[in-house]
Structures are given as C-alpha cells and as structure tokens.
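Chains as they are written, first to last, in my numbering: chain A, 1 to 329; chain B, 1 to 329; chain C, 1 to 329; chain D, 1 to 329.
Derived by calculation from the structure, the hints in this document are not laboratory data.
Misleading hints may appear alongside valid ones.
If several chains are the same, the list does not tell them apart, and a pair holds so long as it fits within one copy or across any two.
[What the hints assert, rightly or not] Below 20 Å or equal to it, Euclidean Cα-Cα: the simulated DMTMM-like pairs (lysine to aspartate or glutamate) are:
1. Lys306 / Glu141
2. Lys306 / Glu145
3. Lys228 / Glu121
4. Lys306 / Asp111
5. Lys306 / Asp241
4 protein chains.
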Amino acid sequence: MEYTPTRDRYTYTFGGAAPVMRVRPGTVLRLWSDDAFGGALRSVDDLSSAKVDLRFVNPQTGPFHVEGAEPGDTLALHLVSLEPARDWGASAAIPFFGGMTGTDRVVTLQDPLPDTTWIYELDRERHTVAFSARHSDHRIELPVEPMLGTVGLAPAGGEVRSSLVPDRFGGNMDTPQMRAGSTVFLGVNVEGALFSVGDGHYRQGEGEACGTAVEGAMTTTLIVDLVKGRAPGWPRIEDDDHWMTVGSSRPMEDSWRIANAELVRWVAELHGLHPMDAYQLCSQVAEVPVANVVDANYSVVVKVAKALLPAADAYDAIHADLRQRARSL
Amino acid sequence: MEYTPTRDRYTYTFGGAAPVMRVRPGTVLRLWSDDAFGGALRSVDDLSSAKVDLRFVNPQTGPFHVEGAEPGDTLALHLVSLEPARDWGASAAIPFFGGMTGTDRVVTLQDPLPDTTWIYELDRERHTVAFSARHSDHRIELPVEPMLGTVGLAPAGGEVRSSLVPDRFGGNMDTPQMRAGSTVFLGVNVEGALFSVGDGHYRQGEGEACGTAVEGAMTTTLIVDLVKGRAPGWPRIEDDDHWMTVGSSRPMEDSWRIANAELVRWVAELHGLHPMDAYQLCSQVAEVPVANVVDANYSVVVKVAKALLPAADAYDAIHADLRQRARSL
Amino acid sequence: MEYTPTRDRYTYTFGGAAPVMRVRPGTVLRLWSDDAFGGALRSVDDLSSAKVDLRFVNPQTGPFHVEGAEPGDTLALHLVSLEPARDWGASAAIPFFGGMTGTDRVVTLQDPLPDTTWIYELDRERHTVAFSARHSDHRIELPVEPMLGTVGLAPAGGEVRSSLVPDRFGGNMDTPQMRAGSTVFLGVNVEGALFSVGDGHYRQGEGEACGTAVEGAMTTTLIVDLVKGRAPGWPRIEDDDHWMTVGSSRPMEDSWRIANAELVRWVAELHGLHPMDAYQLCSQVAEVPVANVVDANYSVVVKVAKALLPAADAYDAIHADLRQRARSL
Amino acid sequence: MEYTPTRDRYTYTFGGAAPVMRVRPGTVLRLWSDDAFGGALRSVDDLSSAKVDLRFVNPQTGPFHVEGAEPGDTLALHLVSLEPARDWGASAAIPFFGGMTGTDRVVTLQDPLPDTTWIYELDRERHTVAFSARHSDHRIELPVEPMLGTVGLAPAGGEVRSSLVPDRFGGNMDTPQMRAGSTVFLGVNVEGALFSVGDGHYRQGEGEACGTAVEGAMTTTLIVDLVKGRAPGWPRIEDDDHWMTVGSSRPMEDSWRIANAELVRWVAELHGLHPMDAYQLCSQVAEVPVANVVDANYSVVVKVAKALLPAADAYDAIHADLRQRARSL
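Excised from the complex, chain A in its bound form (with noise of 0.2 Å):
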C-alpha cells in the first residue's frame, strides 16, 4: 500500500488527528513524507525566521490505524528501506533554537545567532549529500545515511503531543539508529495504536546540534506488526546487532536513566537475569549514542550488541521474521 499526504493532510503532532488509512498488521506501507520544512527552505536565501513556524514543522505522513491494536499492546514496525525523495536537503540554524545556543527554555537574553541556511545536494550515484560552507568555499561530501526523526503514536491519557516532541510514545526521537534495518517497538495506548512518521534525515550528527540535520522528503517502506501485550514502558529497537532503548526527558541524565533502566529490564527479560545483574553486566558492554540534545525533550539511546551475549529472542523472534519479510518483498 501506498500513501502520499496532499498538503492539507499533512498532521503536526501525535495523537488528535483521525487516521488517514486503517491496515492490517502484516501490511508494508510505502510512504512518502515532507521535510521538516515542508519543503519551505529550498535555497540559502530561504531562511526559517521568514518561513518556518515551529508549531508546525515535521509534518507527519499518518497517522495510521492498526487493526486490532488496544492498549497494553506493542506495535511492531520494520523499516525497510528509506530513499531521499528530493535531490536536495537543507538545514539550518534557525534563531533560539538548537544546542548551542538560546532556546526559548534555556533562556538567555543574548541576540540570536544568525538565521542562516544551508542547502545539501544529493549525489544519488556517488550517495553523498555534499555540504557547502556559507563563509568559504568548502565543500565536503558527506555520505547518505537516511534515517527517520520521527516515528510515533498516540500518547496515553488522552494527550495530544506537538510533532516537535520525543517521549515515552517516541515521537521526535531524532536517533540515527531509526533507519533502514531497524524495527521499533512502541507501547500502544489507544485502539488502532495511530502512528505516523516524518522528518527525514538524508543524514544526521548525534546531538543534532544546530537543530536541524539534513532533513529531506523520504520515501519510507516499512511493515507493520503486531504483538499483543507486552508493551515496553519506553521505545524499543532491535536490529540485527543491537537490542536498543530510546529515552526522552530533561536534563540529559534524566532520558540516559529512562533509556537505561529500559535496556537493565530487556536485558534482564530476554536472559532470565536477577536486575541486579543485568545492571551491572549492562554497566560494562552498553553504548551510549546521544540522539538529540535539542528538542523539547533530549533523547539519548541506550544500546548493547548482541554479539557480546548470549544469543536471544525478543517477542518471539519477529524481528528476524520481518527482516525476512522484508527479503521477499
């Protein structure tokens, strides 16, 4: 199944929007999604301060119903495969937002720094993005890397979260790891899960820095699954190397606490370990790639390899299932 939003179904949070398709667990969705933009910024001269409006940003392509999901549940989605969708990105570093810098939270009263843009063409043969320095004459290309920032559902307690925000529904998770390989686990909160996705990064820094990776319109397929119950507390993602946990939060060690007492759990889960000792084994082989330290919540992944323990099944194996699947297709 196929879907592209025309503009005016474009959705700008998680929860609050009537589901634009109901599938099936087991369906693969072809989606096409916008930039962060919208597509506004398309050349250096296009800055954010004149066209960006942050309540709306990371339009997202959904959401989506999954038939069957109730709460307690865990949708499963597998990433296929995530094409850049433009021959070009762009970034910027757009006024009091970002890490470095003033934010409407870590509020200063310095002046902004300048709105600046930048474009990133894409070479499709040569699969690079090549940034090009506003100061100098610099070019440098960069590989492609595409990822998703955001996959996400409805929250819980009948909220209703802006597309900008990261937490325990995932949301704008902004994780280089979300990317073609991957499966996500999220915990559904309301019947038909509704999530949605958005905000392609045809590549992206951990930490996200300035704000804004390469963000570009994606092409996404990815699976839909289903297990029933078993919801984590926080986002859960496998891959064929690692078991991972996202945490989002304020400050920074808060969303490290999150994510890493989800992965002592799941570790502990999938070898029958005592949490004491799946503390301290996790103590000594997790990594610990930060996502982003710019959104509304800072989101930090938490992750083990697989190939330093024993050989595991989470939720019986359908991650191998779905990288088959995904084979066949």
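We have chain A already, so just place chains B, C and D on it with the hints.
Below, chains B, C and D alone, put in the same frame as chain A:
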C-alpha cells in the same frame, strides 16, 4: 622510565601533591597504577561499604612534573599500551553511588540498592574478562578493552580536586576512548603540569551506569610531550580515526555543550571554517558517546571521524609523530 | 454563576475537552472543584497505589469558553475567594512520585518509599488543618492557606496536556501564590481560551516536596476578564504587593530562566527600562520562591515587591479594578 | 579581635591557605572584607573584562584556625552585625557570566551581553543604595540589606576550591539569609576548621540573576563557636524565626534535593519524627527561596518557620546563647 608507586605514594587528588618525578618532553614512561578501590575488593565477599572510602578512590600514579611546561601550554600524552596488571578485575554497586540510584547529589529517601561486588576473571589468552552473575549461574565472557578512567593534571586557580572528579583539567573522565593509540591534549595550568594517571578499566560500558567499570590494576606505557602555548579549553583526544573532545559538568546537557563547542572550535581551526559553518558541519557528522553519568561531574565525548573531513593536522601533526615513536619502542 | 461538575464532567486535560459553559468577560463564577485524587483518599487506609491513577488526577472544573477571546489575547482571572469545601484534606507519598524518590523520569532501581496517606482535619474556627504523624503521636495544627494547584487554558499548536503538567499555558503550577487576591494573566491560544481550575490545596509548602499538598475540594470564586492582545509569553500573576511570573520546565534552572526573563521583560515594559537595566535591577530585588519540584515540569516563581519599584500599572490597571469589583460582591 | 587583611593576604580558595590567625571558640571577631571584585570596579567606566579575573574573585578574609576543631565537629558562626565599609557598591554584567547568558558551562556560540557596570551609592542615613540606570534616567533607592556571599571552611578529602564555588563546605552560597542575626553551622573537615568570609553584598535579589549583587566591602562582627561532633551533612542556618538548610549543586533540582533532605533530617531530629512524617510535614510548611543560579554550583535554601512547629532546640540551644552574647557586646 618505569614507576610503580608504593602505597604511601598513592595520591587522591589532581593538584595538591608534590611531584614524584621530573620528566622531559619526549620521555617514555611505563607506569603501574592500582585499581579504583586500591585493590580492596578481591572477592564477592569484599563489600564496598566495609572496604571503600569514596574520599579516597582512584589512587593516582604521579604527579609527574614535565620540564618546561608552563601555564597556557598543551600537554600531550600518547597512550602506547595498557596492559592488565592483575588476573582479575572488580566491580561493585556501591550504596548511594552510581547512575540508577539516589546519590549524595540526587538525594532521595529510599533505601540503597544492595551492596554487591562482582569479580571478573581475566583470561589472557582469550583476551576476555568473565562476568559471573551473583543471582544465577550466568557466565559471560567479554572482550578485554583496557582504558584509563583518570588522566589529569593540576587545576587552575590553585584548586585541588578529588580523583573522583572530571573537569576542565581532565581527571576522572571515564571514557573508553582513553585507550592505547590515543593522544590526549590537556591545557597546562601550573608550572610542570603535574599530571597523573590511574583508575584502569579492563572494560567499561559507555555511561558506566553502576558507577564502576571492570576495575583493574594497569601497566600503562605512555609518551609525554609538550606543545608550547595553544592550550585547549577542555580536553581533546586524537587517535588515528577521530578528533574528540570531552566535556564534564552537570547537568549532562552542559557537558555536551562544552564538548560540542570545543569540537566546533577545533574543526574550525583545523579547516579554516567560519564558526557557523563548523557548527553546521559538526551537526551532521558528530558522534556523541556518553562517557559517564555517575561521577561528581558527568562526562560526554563528542567526536568526528577524520575520514569524513578533509585531511588536517593538529598541533603540528604530533599525534602521527607519537604513533611513529610508539611503534619504534 | 455557579458550577459544580458531576463526576462524569470531570476533565483531566488542558485542551481537548468541549467547554462546559460560555461566559462573558466580567462574569463572576463560583466553582466547586474536587481534590487532586478525585476524593479517593478519605482515610489513612486508602492507599494511592490502590486508589489513584496518575493519568487521571487533578480533575478540572471547566473548561470555560470566554466569549471574544482569541489567540494573542490575555485572559485575566482574578481569584476572589477560595473556601475549603470539605472538612478534611489528604496528602500521600505516592510510590515513585515526588521529589525525594526516584520517579518515572528520575529512574532508579531502588524500592519505592512506603505508600503512605495522611489525613488533615480542618478546623474552620481556628482556620487550621491538623497534621497527624503516622509513626508517632505528633499532632501539629497548621494555618489554612487555600490555593489552587491548577489554573490553565488550552495549549497552542493543537496540543492537549495532562492536568498534571504545568507549562506555558499555566496548568499544574502548584504555587502558593495562586490564592485569593491574585490576578493571573495567561496568553490565549485558541478561540474562547478554554480555561479550567482545580487541584485545591488547603496549604502547601514551597517545592511540594512529597508530590502532594494538603489536597482538598475547593469552592473558588473568581472574576473572568479579557485583555485584547498583549499575551504574555508565560503566566504572570499580580497581587496587591507583587509582580510575579511563573516558569515551568526541566531542569529547574530552565524554569528559573524562563520566569526571570519574563519578569525582566515585564519590569522593562512597566517602567520603560532598557533590558540590561531591568536585568540588573531585577537581580537586586527579585524573590524566587520555588513552586514545585515534583510535577512533569518543575515550576519556579520570580517576583518583585511593588514597594521597591516606582508605581506602575499593568494591563491598564485591571488588577486594581478587579480588586474593587471583588470587594463589591 | 579585629582583622583587616592587606591585599597580599587575600585568599581565593577554601582550603589550601595557611591560617592568618588562631582563635578560641567563643571569640568575637571584627573582620573587614573587600568586595567580590577586590575593589576594582569604582565607576561605570571600569569594565569587568578589563579589571576582573574570574579565577581571583571573592577575596577571602581568613582562613581562621579554630582551636580544638576536629573533623566531624560542627563550627557555629554567629553573625552579629554586617556594616558596609564603603560608600558605594558595584555590580556588573560580566561577559559570559550570570544566569541570563551563555557561560563557560552553559556554552553557546552567541555573542556576550554588553559588558556593563553599575555603581550604587550608599546613603547611610536613609539606609539605601541607589540604582542608577545606564540607559535612561531612572534612579531607584533600595533598602540596604547587608549579607555575606561567602562563608566557608576547608573542604574534605584534601580538596581546595575556588572562592567562587559553593558546596558541602559552605562557600559562595550567595543567599540573603546569611545576614546579621543568623547562626550558620558547618561540618568541620580538617583540624582547625579553617573558615573564612567575604563577598559582602549591600543587597541581593534571590537568584542573583546577573551574576553579581550590590558588591561591597564589609565589616563583619561574628562570634566563633564550636560544637563537638554532630557535623551536619550540608550547611544549616538558624535565626530567631527559621530553621534553614542550603544545598549547592547542579542541576538546580539536585541543590533542592540536597537541602530538602537535610531539612527533613533536621526536623526529624529536632522533633523525634519518623523520616516519612518529617518528609510529609516539611512538604506542607517549607519555604524555598533560591539563593543563586549563577555560580559554579547553584544554591537553594529550604527553610521552615519555627512558629509553625513545636518549640525545639538545635545544638543545645547555642543560637539563643549566641544571640544573648551578641546583645551584650
């Protein structure tokens, strides 16, 4: 030159101790350092509450007075090799210490986690340490990946800091990046620099969640060198593959801000980029592996792969030169 | 106009609920609100783990649609009187909730504090509530100082937030400053403003350390008014003696930065001061009573005594006018 | 005993300096201390960027060796009187220092706020200092409310800390509660305690937002006393009306947690309450005036009015005794 401190020569601070030796730039040192606990935890029955005083952990080997080092200079320490100096390492969940418990700063009224010690046996042939669960029969062999928790020098302004603290002077940064093959650059604050090393880890997960790594006595071979002037604001690390910076503060987003700003400055220097362009570029290429979330200050590493950027030399290519010298030892 | 919601009309969010009533600016409302627990804790044997669901606390009375209110306007609510509506209040140490315990954000692996409920008897003649220790015979009478924990309106950007959350839209600010005689100014985000109130406290310490105040059903008399345009960035409060602002975020220094910047802006407006002069002046005259360190966001009040500054009028002296109207009721 | 340090006897650290004098418990000291800037800012044309080195601010008068003081003891300092020792005070917005700007920890890439100095004239008859706006003609007289920014002693574990730092040893707590009539209790870490005072403020707002108060040279009369053993975990302050504790750390919620836990412990001790009951009681009666959000650590005061609790004596009623002795001077 070799140096193994007797127990009465252990020091527990950066600054505040008389040098144990004077060394010239270019000197190769072979240093033995005790583990973080001063060797006090040798079986699972040795509990930290009985045997460890947190005011006196991470015994330092040093300090060393580097001839010619003056405030504003840059001390370069190249780690040639790190060899476990005992056949076992120890780790512990120390009451009210670590990342998943209330502490003396994150104060709660809850009971402590159970005081627990783990002993890891080293297998020198297999290059592994073995995790043995305390509450089940699990035994998991993990690769030995030796690193130093503490590398630091005397602080500025006449301060003396516990060897439990990481800050601008380096110290207890607890990052796995501090391993053989790395060159660390530290800004000199006092005549002679007065650096010391210690807190060897046979391996450590990023975050060092439980507060302690696989702590072990270590034999470290390093080359001391000096760059006149050009002191970095915060610790910088270079290895063959990455430019790295380390920020240590609280909350963790401040540690990240420090390290990220230092990396932006470094990349701007190395490549002649405008700060806004360096900010943008780093936003798309940085990796951010958290070092620890448990010490007096939290440490975050920000790094960028050399392969992604044009070729460049830092500090007159001293790292390449030190690597060459290391190979010829 | 009087309004007492039946239980099926309780709402648990800011935004996302249909208005219960339309009111004109100038209307006097007399409102009954249930306590934070929906009246579920009536004896020390009623434990929060059995009777309280944190997704559905702080039942709101409202929302009220204010005629003529449009985005960008300023809603002014003047609290005329707050009267305890029951003869007892309740407080609880809810497992994994509060300031001196690990929580769902400050995650630790420790056991929770013991789930404990305290009941405070109200003495209407003495104007006291009585603290009765649970572990000894201490009984201490404390003055009743009624306040509202939550006063908020619908958020911007289509968001819907739990009534446990304080933010830019007001909400669960949990400050003792929200008491009879205060006028609160909130920026309107949606047509009709859609404000609600709830979470009455018979008294509360600053910080609300254990997570709950002396929670009690409340009868609130307030006057609704509207200022066209001039929406403040964050909640402002005025009483006869102070100009006040409230910031709500995490970490707590960000809450303070928000509130302090808002106060600097307000003082600059009121007195025609340059922002740097207002910054300096506020630095020497501000008081900073923390509101709460326990909610989804932490709230900090920054205030300045009117007596320290030259006379000034905010919003066309509407507070003085409302005080006058209140006296004549 | 009187003591006015010559400039070469100024010290800039807690710990690390030889005592200037030995005093017996019970001694009355009359001490002159220079202002935070060492008197360098005397007109609005004296800019901090030219005249202030942040490594050497808050010159201390001391340290004083208290005879008989041993680790684990409690130093009691009773402030009898604080008298401005000059006819003017100075304040400054120091580049990259303060609460409403990026700093060396909250690093941003923005330009600094304009380096600005304000001079406050003291009127001894009217007991006022006069704020004179730098960008308009506003002149506002403010009451003189003298306090000491720094009161501290040598840290534990051989550490030496800058006089810019507040922590467990007291230090640069920058709270208006440190005023005449207060008794501060500090845990002794080294033989002789080695306390010092400085950083007089003619007045200061809570939060000390711009980073500096109305800084002024001060003549402080205090009584030194000693309680054997019973060292508090963190600084405690008692005056006629309040029990107070001070926490200093980062992020600010950790400062609050520290102070609140210390107050809960103190109230439990004073009244024989179970910790859970003391936690509950303090939750309903505490006041939380923020001290500063600008120093190396942020400081938060938690206090409770004696009038709300049953009568109690701390440290054998030494405060009442010191008040009595002060009156008889």
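Hints, verified against the model:
{"no.": "1", "hint": "Lys306 / Glu141", "verdict": "between (32 Å within a copy, 13 Å between copies)"}
{"no.": "2", "hint": "Lys306 / Glu145", "verdict": "between (22 Å within a copy, 17 Å between copies)"}
{"no.": "3", "hint": "Lys228 / Glu121", "verdict": "neither (43 Å within a copy, 42 Å between copies)"}
{"no.": "4", "hint": "Lys306 / Asp111", "verdict": "neither (47 Å within a copy, 29 Å between copies)"}
{"no.": "5", "hint": "Lys306 / Asp241", "verdict": "within (5 Å within a copy, 24 Å between copies)"}
In this structure, the earlier hints numbered 3, 4 are contradicted, and the remaining ones agree with it.
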